[in-house]
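Protein chains in written order, with this note's numbering: chain D, 48 to 127; chain X, 48 to 127; chain B, 48 to 127; chain U, 48 to 127.
Don't take every hint at face value.
Copies of the same chain look alike in the list, so a pair counts if it fits in one copy or across any two.
Stated by the list, open to error - Capping the alpha-carbon separation at 25 Å, the derived lysine-lysine pairs in DSS-like fashion look like this:
#1 Lys57 with Lys97
#2 Lys97 with Lys122
#3 Lys122 with Lys109
#4 Lys97 with Lys109
#5 Lys122 with Lys63
Think of the hints as simulated: they come from the structure by calculation, not from any bench.
4 protein chains.
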Amino acid sequence: ESANEFQFQKDCLTQKLRDTESRNQTLEVQLCDLEQCLESNQREREAFRKSLRSLLELLDGKIFELTELRDTLGKLIESS
Amino acid sequence: ESANEFQFQKDCLTQKLRDTESRNQTLEVQLCDLEQCLESNQREREAFRKSLRSLLELLDGKIFELTELRDTLGKLIESS
Amino acid sequence: ESANEFQFQKDCLTQKLRDTESRNQTLEVQLCDLEQCLESNQREREAFRKSLRSLLELLDGKIFELTELRDTLGKLIESS
Amino acid sequence: ESANEFQFQKDCLTQKLRDTESRNQTLEVQLCDLEQCLESNQREREAFRKSLRSLLELLDGKIFELTELRDTLGKLIESS
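In isolation and in its complexed conformation, chain D is listed as follows (with noise of 0.2 Å):
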């Protein structure tokens, strides 16, 4: 009777602790994930801040130009 007892109470445990590793597992898979995830964005997030800065220099060498430009038609004004 008591050994009857005690082997459900023990059927009890092991069904309950197979549940919580089974859902340790499933955590740690999410867990997996979301890291992975966080690692692609911010590699992403490099290699956009990476085109942006690109991006800049280009703006730098057009305003470069453009103030070039305005200087020639300056000195053609004062020519003239």
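Start from chain D and add chains X, B and U according to the hints.
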């Protein structure tokens, strides 16, 4: 004797379950943190994209104004 | 006889003088026209130069605004 | 007496003719100078207009390049 054996097994299982549940909680907290981190990143990304869109509109305006200036210069040259 | 001769010479001179004075008047009218033409050109040139200077100032403004936009983009990239 | 009178008139006319012819020459030189001045102005104006047209083409190029840069930024924002 058998009762002692059972008790030992039960204690073992209980301890293991406790550890696994504790590990579970830790994982759930980490998962929650990561999810909030991802959401926060997503919000920042959206805000950044919104700022960039505003900048794009400003750039459109500047290009439009430069084009008007170009047309004014063109007409001036032809009328001179 | 000598009187006729003198009269002939006098008429000749008078005619030549008249022709030269007439040519003179034509030249003075042409000169006056050319001077007005030059003045008008000078005025046009000044007006043109003034328009170009206004355009130059507009271009300065656009370059300044593009530089502000560039700085905003630069800060945005660094803060992201 | 009458001969003297004639001679006097003839001298008078000759002098006047000489003055008028001299004035004529002066006017022709001035006219020639002004015509050369006008032609020179015209050539300068053409050269100026040509320089401005080159500048207009440069400005067209810059506007085109800014528009390309704008499109690159637009695509970057949408792809991010």
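Any hints this thing doesn't respect? Which numbers, in order? 1 and 5
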